[in-house]
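2 protein chains.
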Amino acid sequence: MTPSAKPLRLHIQNLPSENPVFHVTDQIWRDACARHPALAARLDATIGWTPEDFERAISQAELLVTWTMAAKTLFPAKAPKLRLIFITSAGLDRLAPYDWLPPGCALLNNSGVHGPKAGEWGLMAILMLANRMPFHATRQREKRWDKVYGSSVAGQVLLCVGVGGMATHTIDHARAFGMHVIGVRHSPTPHEGCHRIVTTADLDSVLPEADYVLLTCPLTPATRGLVSRARLALMKPTAGLINMARGAVVDQDALCDALDAGTLGGAVLDVFVPEPLPPESRVWTTRNLLIAPHVSADDPLTYTPRSLDVFFRNLAHHLAGGPLPNAIDLARGY
Amino acid sequence: MTPSAKPLRLHIQNLPSENPVFHVTDQIWRDACARHPALAARLDATIGWTPEDFERAISQAELLVTWTMAAKTLFPAKAPKLRLIFITSAGLDRLAPYDWLPPGCALLNNSGVHGPKAGEWGLMAILMLANRMPFHATRQREKRWDKVYGSSVAGQVLLCVGVGGMATHTIDHARAFGMHVIGVRHSPTPHEGCHRIVTTADLDSVLPEADYVLLTCPLTPATRGLVSRARLALMKPTAGLINMARGAVVDQDALCDALDAGTLGGAVLDVFVPEPLPPESRVWTTRNLLIAPHVSADDPLTYTPRSLDVFFRNLAHHLAGGPLPNAIDLARGY
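Respectively, the protein sequence lines represent chains A and B.
The opening residue of the first sequence carries number 1 in the working numbering; numbering runs sequentially from there.
The opening residue of the second sequence carries number 335 in the working numbering; numbering runs sequentially from there.
Worth double-checking, as some hints may not be accurate.
For lysine-lysine, the following DSS-like pairs were computed, each having C-alpha atoms within a straight-line distance of at most 30 angstroms [claimed, not checked]:
{"#": "1", "chain 1": "B", "residue 1": "412", "chain 2": "A", "residue 2": "143"}
{"#": "2", "chain 1": "A", "residue 1": "143", "chain 2": "B", "residue 2": "406"}
{"#": "3", "chain 1": "A", "residue 1": "147", "chain 2": "B", "residue 2": "415"}
{"#": "4", "chain 1": "A", "residue 1": "72", "chain 2": "B", "residue 2": "477"}
{"#": "5", "chain 1": "B", "residue 1": "481", "chain 2": "A", "residue 2": "72"}
{"#": "6", "chain 1": "A", "residue 1": "72", "chain 2": "A", "residue 2": "147"}
{"#": "7", "chain 1": "B", "residue 1": "481", "chain 2": "A", "residue 2": "143"}
{"#": "8", "chain 1": "A", "residue 1": "147", "chain 2": "B", "residue 2": "406"}
Don't read these hints as lab results, they were simulated from the structure.
All of these numbers come straight from a predicted model, not from anything done at the bench.
All chains, full assembly: derive it from the sequences and hints.
Here's what the structure looks like:
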């Protein structure tokens with residue numbers, strides 16, 4: 001761990017077809033190194049854009065930074081020295097099962113990057129539901145003036161399924177507006193923003209209390225289809241649903257049925273099955289529903305720089321030989 | 335001013351055709367009296383629903399509480415003893431000119447009631463524009479998946495035209511999210527929430543700085559058409575417009591042109607010309623625009639009780655012979 005130690009070989013592989021928002025350009029990398037000079041001095045880094053760039057670098061690389069979809073197309077690969085893959089995305093469900101991972105190599109996500117932006121989006125969605133904006137948008141499509149009133153959110157109940165970084169920032173805002181917050185997580189570990197925490201097994205007992213249900217949980221075998229038709233029926237008919245997790249956490253068809261029938265108040269969704277939504281999907285025209293095209297947590301201005309900051313934080317732990325804060329538990333999938 | 339003083343005759347006139355949200359029912363009145371027992375003891379109150387009820391009461395009434403549209407249909411009337419009309423609305427532009435007002439009678443609005451609800455709505459609209467929700471709603475109508483990203487609002491510039499109760503609550507929230515706030519008002523009196531205050535005469539100089547323009551000013555001869563075609567052209571092409579004031583503050587046709595042409599980023603509007611919007615209005619289908627049917631500041635659960643609290647606060651000043659906090663300056667119109 002002396003400055004004269006042999007530098008670690010890092011390869012950064014971009015996916016040119018992906019939105020430029022997610023590209024690690026030379027400039028963005030240099031800026032990140034300037035923010036973390038001591039750690040950057042320990043690295044010998046290459047940035048690749050083509051499959052050939054990857055081929056050339058991976059046999060010697062000890063660290064890899066790449067985007068989800070790039071990882072999916074690059075592996076399996078001969079990467080005998082690889083010890084750490086950092087993915088610039090929080091939800092790695094699209095990379096499961098993880099049998100492609102080289103032996104002894106840790107897989108890391110960029111959890112923590114999305115919090116501030118996602119927190120604003122989550123609060124926006126709550127306020128939109130409180131103010132009946134999905135209903136008004138439906139009436140706008142029908143060219144009908146229908147004076148239906150919303151209400152302040154103070155005292156209303158926000159139920160958060162998943163209480164990680166994205167939810168935590170939303171919860172902070174919701175508390176500032178006087179909301180009551182119930183958290184649902186894998187284990188009943190307390191969460192400082194939540195008035196109450198229950199485990200996923202107790203979801204049915206708290207769903208009827210919620211004015212808003214916010215989904216930010218990872219998609220795993222345990223959460224696939226979690227918000228089923230039966231659970232939607234447990235919600236208040238005035239309640240609103242917000243999905244910032246993954247489309248498959250919800251029975252999408254049952255949700256559309258409930259919204260069209262008016263047995264659920266409204267929904268603001270950022271994630272769907274499938275993505276992109278095909279033109280023939282019923283989701284586009286479902287009543288009392290407003291959609292965003294899977295953009296809630298991403299801030300183009302800050303996304304990639306913040307991701308690299310998370311990488312450097314984990315690199316410090318890696319160099320110190322300690323556990324990596326962003327390492328995925330491959331059995332749980334997050 | 336002793337308890338044995340002759341009670342003041344108060345008449346409360348409802349408009350049965352108006353939304354029940356705005357009705358002062360017996361129960362709501364009794365609850366309000368219970369919150370202000372000393373003041374209520376000074377009153378001899380009647381509640382009317384029909385024109386006959388009004389006729390019967392008004393010749394003796396010293397105080398009148400009524401809804402905007404009721405006032406419009408009830409006057410001129412023989413009301414020789416009337417000293418105070420309290421309207422359960424903040425914008426009294428629809429009652430101008432005020433030549434119908436009995437001589438020596440003060441006209442009061444319910445300014446102060448709308449703040450908390452309007453503040454949540456204003457922040458919602460800012461976050462919707464930051465997250466491109468009007469754009470996404472346009473794409474939803476077109477059934478097109480178009481991954482366009484929004485951004486966090488920290489550091490962005492909110493320009494508030496009008497810095498009364500509605501704006502002040504929005505400004506408090508915007509500041510909590512790290513926004514920079516410029517206020518525009520009639521006179522350059524400082525406003526504690528604004529980083530900078532300019533007068534309406536300097537509007538053109540600050541419009542190009544704004545990421546969001548929030549309109550909450552009263553509609554007066556000075557503000558009619560204030561956001562003209564020329565001023566819309568001064569705004570950033572990425573900027574968003576929020577109108578919670580009155581439709582006629584904006585050149586609505588010019589706004590629709592700018593939104594359809596993409597020379598303005600988006601708009602979230604609660605007020606229009608005319609209201610209700612007729613089915614043939616181009617507003618319904620204008621791109622990058624989401625609308626609400628003039629409901630932003632009204633909270634059915636709290637609106638009428640809070641209005642009556644404002645009435646009682648003014649009643650206390652009236653009994654003490656002092657100036658009335660909610661009295662309209664008839665020359666300015668607010």
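Going down the list of hints, with the structure as the test:
no.	hint	verdict
1	412/B <-> 143/A	violated (43 angstroms)
2	143/A <-> 406/B	holds (29 angstroms)
3	147/A <-> 415/B	violated (36 angstroms)
4	72/A <-> 477/B	holds (29 angstroms)
5	481/B <-> 72/A	holds (21 angstroms)
6	72/A <-> 147/A	violated (49 angstroms)
7	481/B <-> 143/A	holds (26 angstroms)
8	147/A <-> 406/B	holds (21 angstroms)
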